[in-house]
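Visitor: Sequence:
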Amino acid sequence: MATSLTTRSARRRALAAVVTAAVLIPLSACGGGGEKEEGGGASAGAEKNTRLTVLAAASLTDVFEEAGKAYEKEHPGVEVDFSFAGSQELAAQVKQGAPADALVTADIKTMDGLAAETGKPTVIAKNRLVIAVEEGNPKKVDSLKDLTDSDLKVVLAAEEVPVGRYGKQVLDAQKLTVKPVSQEVSVRAVLSKVELGEADAGLVYKTDAETVPDKVDAVDIPDAQNAVASYPAATLKGSENAEEAADFVKWLSSDEARVLLRKAGFQQP
Numbered sequence: 123m124a125t126s127l128t129t130r131s132a133r134r135r136a137l138a139a140v141v142t143a144a145v146l147i148p149l150s151a152c153g154g155g156g157e158k159e160e161g162g163g164a165s166a167g168a169e170k171n172t173r174l175t176v177l178a179a180a181s182l183t184d185v186f187e188e189a190g191k192a193y194e195k196e197h198p199g200v201e202v203d204f205s206f207a208g209s210q211e212l213a214a215q216v217k218q219g220a221p222a223d224a225l226v227t228a229d230i231k232t233m234d235g236l237a238a239e240t241g242k243p244t245v246i247a248k249n250r251l252v253i254a255v256e257e258g259n260p261k262k263v264d265s266l267k268d269l270t271d272s273d274l275k276v277v278l279a280a281e282e283v284p285v286g287r288y289g290k291q292v293l294d295a296q297k298l299t300v301k302p303v304s305q306e307v308s309v310r311a312v313l314s315k316v317e318l319g320e321a322d323a324g325l326v327y328k329t330d331a332e333t334v335p336d337k338v339d340a341v342d343i344p345d346a347q348n349a350v351a352s353y354p355a356a357t358l359k360g361s362e363n364a365e366e367a368a369d370f371v372k373w374l375s376s377d378e379a380r381v382l383l384r385k386a387g388f389q390q391p
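The sequence shown: position 28 = 150 (my numbering), numbered continuously.
Take these hints with a grain of salt, some might be off.
Computed cross-link-like contacts, DSS-like style, restricted to lysine-lysine with a CA-CA straight-line distance of at most 30 Å [as the list claims (entries may be wrong)]:
1. Lys217 <-> Lys261
2. Lys290 <-> Lys301
3. Lys301 <-> Lys261
4. Lys242 <-> Lys262
5. Lys301 <-> Lys191
6. Lys231 <-> Lys248
7. Lys372 <-> Lys195
8. Lys372 <-> Lys385
9. Lys359 <-> Lys337
By construction, these hints were calculated from the structure, which means they are not laboratory data.
As the structure is a computational prediction, the values presented were derived from the model and not from experiment.
Full structure from sequences and hints, please.
Guide: Take a look at the structure:
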């Protein structure tokens, strides 16, 4: 009897040891594999991806979203995030130390005011103004002079905004006084007012009017009365990805980038 009990006890201990081993070995293997995978994954991620943040003028929204995809396709491992706003807003962000790698404004004046924070700028494109009106031009707006009609609801960008400054320039040159129903913070805000029927007309860039051809018509302004908007691009000195930022800014002057800009209605620098 004693021998039988001892034998059964030994068998139980042996079985317990086998079960314990069976449980611990997979757990150990999973734990080891997880640490290796986590370490390898972090390392691979660090080597693979660089995320660039580009501050860009609102009028570049559509074309830059397309350009960003093209750039990422040519440069595996680099992701480009854009932050679009009026150039004056972008300048304020830069001065406040917002983390970003590159800047593209809709005028040289704004960029020049940030010389201490940027690398040497390069003009990548140019643009011109048009009068945006409701589709079909129901108010029969044909010229800048028509914007002085007191019965016409005109919206302009604020003078702090590049397109607002260009608008004032062309109106002053023709000695025309326009009383806008509102002054907006970006060219896209002006376009939106016309698009939604909240304004009869507004001064915008040609390229912006072309983004909604089924909702807004563009009345051309003769070259002799128009203003040319220049778009400079530069790296930001605070960038943590200086090499990649410089490469992106350089790429914006490449043949491929120029094709995209020209297709969107921008002029060559």
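Visitor: Confirm or reject each hint.
Guide: Now the hints, each set against the structure:
1. Lys217 <-> Lys261: Violated. Lys217 to Lys261 sits at ~42 Å, over the 30 Å cutoff.
2. Lys290 <-> Lys301: holds, 11 Å
3. Lys301 <-> Lys261: holds, 17 Å
4. Lys242 <-> Lys262: violated, 45 Å
5. Lys301 <-> Lys191: Roughly 41 Å between the alpha carbons, so the hint for Lys301 and Lys191 is violated.
6. Lys231 <-> Lys248: Holds. Lys231 to Lys248 sits at ~14 Å (cutoff 30 Å).
7. Lys372 <-> Lys195: Roughly 16 Å separates the two Cα atoms, so the pair holds.
8. Lys372 <-> Lys385: Given pair Lys372, Lys385 holds - Cα atoms ~19 Å apart, limit 30 Å.
9. Lys359 <-> Lys337: Outside the cut-off at roughly 41 Å; violated.
The earlier numbered hints that this structure contradicts are 1, 4, 5 and 9.
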